[in-house]
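Now that you have both chains on their own, put them together as the hints suggest.
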Amino acid sequence: MSDEALLAGMATGDADAMAGFVRRHQARVYGLALSVVGVPAVAEEVAQEAFVRAWRHAGNYDPRRAQASTWLLTITRNVAIDVVRVRRELATDPVAVAEMMTTAASDGDRVEDCDRVAAALRELPSEQATAVLLSVHFGLTAREIGERQGVPLGTAKTRIRTGLSRLRTMLEVSHGE
Amino acid sequence: MANDPNRCAELAESLAEVATGAASGPDRARVLDHLSECDDCRAELERLSRVADEVLLLAPSHEPPAGFESAVLERIAGSDDAGPEGTGPDDGSGAGSDDGHAGGEPADGTRRHWVRGLVLAAAAAVIGLAGAGIVWQTTSDERELAEGYRKTLDIADGQYFSAAPVRDASGEQVGHVFLYQGEPSWVFAVLGDAPAPGVYDVRVATDDWTGDVASCDVEAKTGGAGGTINADIYQVREVRLVAPDTPPLIATLPDRSGE
Ligand SMILES: [Zn+2]
Chain A
1 MSDEALLAGM ATGDADAMAG FVRRHQARVY GLALSVVGVP AVAEEVAQEA FVRAWRHAGN
61 YDPRRAQAST WLLTITRNVA IDVVRVRREL ATDPVAVAEM MTTAASDGDR VEDCDRVAAA
121 LRELPSEQAT AVLLSVHFGL TAREIGERQG VPLGTAKTRI RTGLSRLRTM LEVSHGE
Chain B
178 MANDPNRCAE LAESLAEVAT GAASGPDRAR VLDHLSECDD CRAELERLSR VADEVLLLAP
238 SHEPPAGFES AVLERIAGSD DAGPEGTGPD DGSGAGSDDG HAGGEPADGT RRHWVRGLVL
298 AAAAAVIGLA GAGIVWQTTS DERELAEGYR KTLDIADGQY FSAAPVRDAS GEQVGHVFLY
358 QGEPSWVFAV LGDAPAPGVY DVRVATDDWT GDVASCDVEA KTGGAGGTIN ADIYQVREVR
418 LVAPDTPPLI ATLPDRSGE
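Note that the protein sequences, when read in sequence, are chains A and B. Those letters in the first sequence? Residues 1 to 177, per the working numbering, in order. Those letters in the second sequence? Residues 178 to 436, per the working numbering, in order.
The shape of chain B in the complex, shown without the other chains (with noise of 0.2 angstroms):
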């Protein structure tokens, strides 16, 4: 795919940011939208990343308070038993815009069964988390969206890699959407000139299952978004962006089904 070094040049200060995690969604979604058609840069990514992530290294360690290790036990007994993350087409509920767990789920039960073994309630886990007032699901979910988004476009080389153009109502490009075929797979939207700011769902759609995988803010006339689907991505055949009060923008993937 050709490169455009103008470009790279100019994304390198945002590329940067993505490697140590810290980007703003915007710059992020930029720089993946530029990584799917440049090598150079996604090299040049995962050095940068690899980099970043040994500085965490740095940060002094400290013996956290006797009972550490059980309340951890007790936290996972309890998590599990809120059941698996992973959604997708067979439930039609949406993949990942609850919790944005990128799945990783055991598919052999063995972890449930051990839960079930388990005296401790997942309430304790719950209540703990309240009490301490503490809100997780904020910005994490999608920095560890865009990371194992990041870590699927350099295992995957492009090699699985689908995109197709939004549209608004007229036909006028407003954007792209990106799949991925991973363990799980990969929708990332990315809006470079919506018609109107505000919050757009991410619907995905194959032959059999429509689902929302995550909601794209768009501030101004950008913004960046995706969650993981349980499909293949060869049949998804049309990603749609919706928001209240604005004609929905499409983008309708090529049939690569048979290939």
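Okay, chain A solo, but in the shape it has when bound (with noise of 0.2 angstroms):
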């Protein structure tokens, strides 16, 4: 069954379409929210209410505007984004993940979209990508992002602007656009 089918039963309040779709995208759902809040206990805690979240928000699920993957992964990651903002000692190191992310080649669990992703993420400066992930993941200002790589705000902001937009370029091309 597709992801809108499951979403559209969710929306009528239909719990098996809901638990088809929690075994669907468990995994991602809590690897992101571990990333983020690097604690397996609390990132099991905004895994759930992520799909808590989803099951509310189903009937407002727009299949023209995204994937039901990368909505449910938005959802998830604004959740542990506010975890860690209240929680400041949950934080692991977000410069060492967004690292890590950027560098590791294909997981095992990975799907093909993702190695797209992972290759445009590959081609960008280091300093551009870590700054474009720390934004995405972990929600940080760009200000923060300054902090934490040691360089100005006006830097910062350039690193994750330019980064994005050209991320952007690339992914168009890759999907023929």
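These aren't lab readings, by the way, just hints derived from the structure by calculation. Since we're looking at a predicted model, the values are computed, not measured. Positions of the beta carbon are idealized from the N, C-alpha and C atoms, including for glycine.
Derived coverage of chain B by chain A (criterion: at least 3 residues anywhere in the stretch with Cβ under 8 angstroms from a Cβ of chain A; other residues may be distant):
(1) 192-200
(2) 226-232
(3) 241-250
What follows is a list of derived Cβ distance ranges for each label pair:
(4) B:Val376 with A:Arg24: 35 to 45 angstroms
(5) A:Asp115 with B:Asp181: 37 to 47 angstroms
(6) A:Ser126 with B:Asp409: 42 to 52 angstroms
(7) B:Ala373 with A:Thr155: 29 to 39 angstroms
(8) B:Asp384 with A:Ser126: 52 to 62 angstroms
Laid out in structure tokens, this is it:
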């Protein structure tokens, strides 16, 4: 069954659709939560909360806007960021995690989409790739990224913007658009 | 609508941060303000946002501990017992500011029927959360709101859009309010020159309903906040920003109910 069909089921309160949706996406959601918050017990709470929100918002999901997986991961990221903002002590070292994500070749679990993104990210200067990941995954503001990378605010802002724009160009080319 | 290329260039970096979801509140407010009158930046934000969302796919997958799925199913049973989260003109309790969820509750009662069939108590989920000591509702509501708003902007393409200046007691313009018609509709207030720092309630009034939809945290002179309403935006007559010890800041909406 497609994600769209599962989400449509969830929007009408179908618990079986929800169970199927959870099974299909739990590894990704939990993996993202874990990479941001770093502590398994907290990551589990974050992942659960993300699915609860997906259930509540299933009726608002619009397949024209995003794939179900990216939509769900966006929700997960938002929940995870909240937790690390409130509980600073949880923070893994975001820079280390971001660098790991850029340099790691393809993981066994990764799908094709993700290899494409990983390949594009590796084309960027590493400080730009890291800045983009710190912004996207950890929700760090340009000021926070500048502090962590030891560069002025303006430089951090430029890294995020330039990195993201270049990624866009590369990904749009590989989409054949 | 007219574009100011200088303004676009000025905001390009903040635009990227709105796309990644990491922009600070005031930056986000400035960008949203500009998007309402700039098709180019709206299109650019859409493209950058898609890229940013794809970058999320990079996180390595990891199987959660055993029992994860049933824990989630217990939670949804519990959370739904708390009742639908959409509020607004019908109950007069204010929309969106309590938990900020942008609606999406099915109106047909199917889910509530299903929920009643479950034996698990809502309390279990609540205790589970409290035990972990996690606070959810700090910033993500606002971020989700802005993301929803970003999408609403794009979908509506400015078509169902209304805006008005916010003025202080002397008639000076100190900000803007923006309203978008959608499912749900949105009200967003941006202050660029508030008379005093503090927390302003964003109070929306139609002919037959008044409610607070958000609170706007003003640091120095700027801030922005918004929420959803169940009303048609063309029913909105006035938006007030209300803070203690400060005369209200008022935006009066054009009367377009006859259009
Ligand atoms: Zn522009």
